[in-house]
Amino acid sequence: QSALTQPASVSGSPGQSITISCAGSANDIGSFNTVAWYQQQQPGKAPRLVIFDVSNRPSGISNRLSASKSGNTASLTISGLQPEDESVYYCSSHTTRNTLIFGGGTYVTVL
Amino acid sequence: EVQLVESGGGLVKPGGSLRLSCAASGFRFSDYSMSWFRQAPGKGLEWVGGLTPISSTTNALSYGDLVEGRFAISRDDAKMSLSLQLDDLRAEDTAMYYCAGYSNNWARPYGGFHIWGQGTMVTVSS
Numbered sequence: 001q002s003a004l005t006q007p008a009s010v011s012g013s014p015g016q017s018i019t020i021s022c023a024g025s026a027n028d029i030g031s032f033n034t035v036a037w038y039q040q041q042q043p044g045k046a047p048r049l050v051i052f053d054v055s056n057r058p059s060g061i062s063n064r065l066s067a068s069k070s071g072n073t074a075s076l077t078i079s080g081l082q083p084e085d086e087s088v089y090y091c092s093s094h095t096t097r098n099t100l101i102f103g104g105g106t107y108v109t110v111l
Numbered sequence: 001e002v003q004l005v006e007s008g009g010g011l012v013k014p015g016g017s018l019r020l021s022c023a024a025s026g027f028r029f030s031d032y033s034m035s036w037f038r039q040a041p042g043k044g045l046e047w048v049g050g051l052t053p054i055s056s057t058t059n060a061l062s063y064g065d066l067v068e069g070r071f072a073i074s075r076d077d078a079k080m081s082l083s084l085q086l087d088d089l090r091a092e093d094t095a096m097y098y099c100a101g102y103s104n105n106w107a108r109p110y111g112g113f114h115i116w117g118q119g120t121m122v123t124v125s126s
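First to last, the sequence lines map onto chains A and B. Numbering of the first sequence is given in our numbering, commencing with residue 1 and proceeding in unit increments. Numbering of the second sequence is given in our numbering, commencing with residue 1 and proceeding in unit increments.
Among the hints, a few may not be true.
[Stated by the list, open to error] Rough simulated footprint, nothing fancy, chain B against chain A, three-plus residues with beta-carbon under 8 Å:
1. 27 to 34
2. 38 to 44
3. 47 to 53
4. 94 to 106
[What the hints assert, rightly or not] Pairs of lysine to aspartate or glutamate residues, derived as DMTMM-like cross-links and limited to a Cα-Cα distance of at most 20 Å, are as follows:
5. K79(B) to E1(B)
6. K43(B) to E92(B)
7. K45(A) to E86(A)
8. K45(A) to E1(B)
9. K13(B) to E68(B)
10. K13(B) to D77(B)
11. K45(A) to E68(B)
12. K43(B) to E86(A)
13. K13(B) to D76(B)
Treat the hints as calculated values from the structure; they're not laboratory data. Even for Gly, the Cβ is constructed at its ideal location relative to N, Cα and C.
Pulled out of the complex, with its shape left as it was, chain A reads as follows (with noise of 0.2 Å):
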């Protein structure tokens, strides 16, 4: 199964707002309402769940960060762009064949 679709990187100025997409297909994230985002700050580090089931933030996830859906391709707004957004954050789906998938992950700059 192919990995989902990222942006290798996306970069804004602090207060702006930035939108990382997320391409899959009709067997993985057109076919489930189970896309995540994860932020990893550091390599060897832990990734962090900011996005489940599309849309939904976990506890303690900042109001900033916004996700939706459409069709084949999810996407993750951060707004209000803050130096301690600096990072790379991957998307994930399940698929069809009951596996899960990843983005590539897009590194996040804030200029």
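Here the structure of chain A is known, so what remains is to put chain B in place on it, guided by the hints.
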């Protein structure tokens, strides 16, 4: 404190084997779906495989394409542990291995893993 702690990583020669363990504490382990993930140095996250409930007594076990029949996952709810048996290891299996879980009452299957361990490093080299 809700916690997952991995152990068992180390240096192994190509073709060798390792058994990784993940000890859970601070939550009702039996109510959680669990998976193993890995991340090679400088690379992205990969799902190795996992267990999700299909009934009150049965879990569905699935693996990612990367496994190719070489890895095996098991869980022991009484001991609150998850294991990953790694056989026929290759250089490309060198990675940090993480266990993670989500509550079956909280998210859809594979909808988001909210508990992660700190990882254990596996290095495959001669």
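How the hints compare with the structure:
1. 27 to 34: holds (count 3)
2. 38 to 44: With 4 residues close enough to chain B, the hint holds.
3. 47 to 53: holds (count 6)
4. 94 to 106: Since 10 is at least three, the answer is holds.
5. K79(B) to E1(B): holds, 17 Å
6. K43(B) to E92(B): holds, 11 Å
7. K45(A) to E86(A): holds, 14 Å
8. K45(A) to E1(B): holds, 19 Å
9. K13(B) to E68(B): holds, 19 Å
10. K13(B) to D77(B): violated, 31 Å
11. K45(A) to E68(B): violated, 27 Å
12. K43(B) to E86(A): holds, 17 Å
13. K13(B) to D76(B): Roughly 28 Å between the alpha carbons, so the hint for K13(B) and D76(B) is violated.
Of the numbered hints given earlier, the model fails hints 10, 11 and 13; all others are met.
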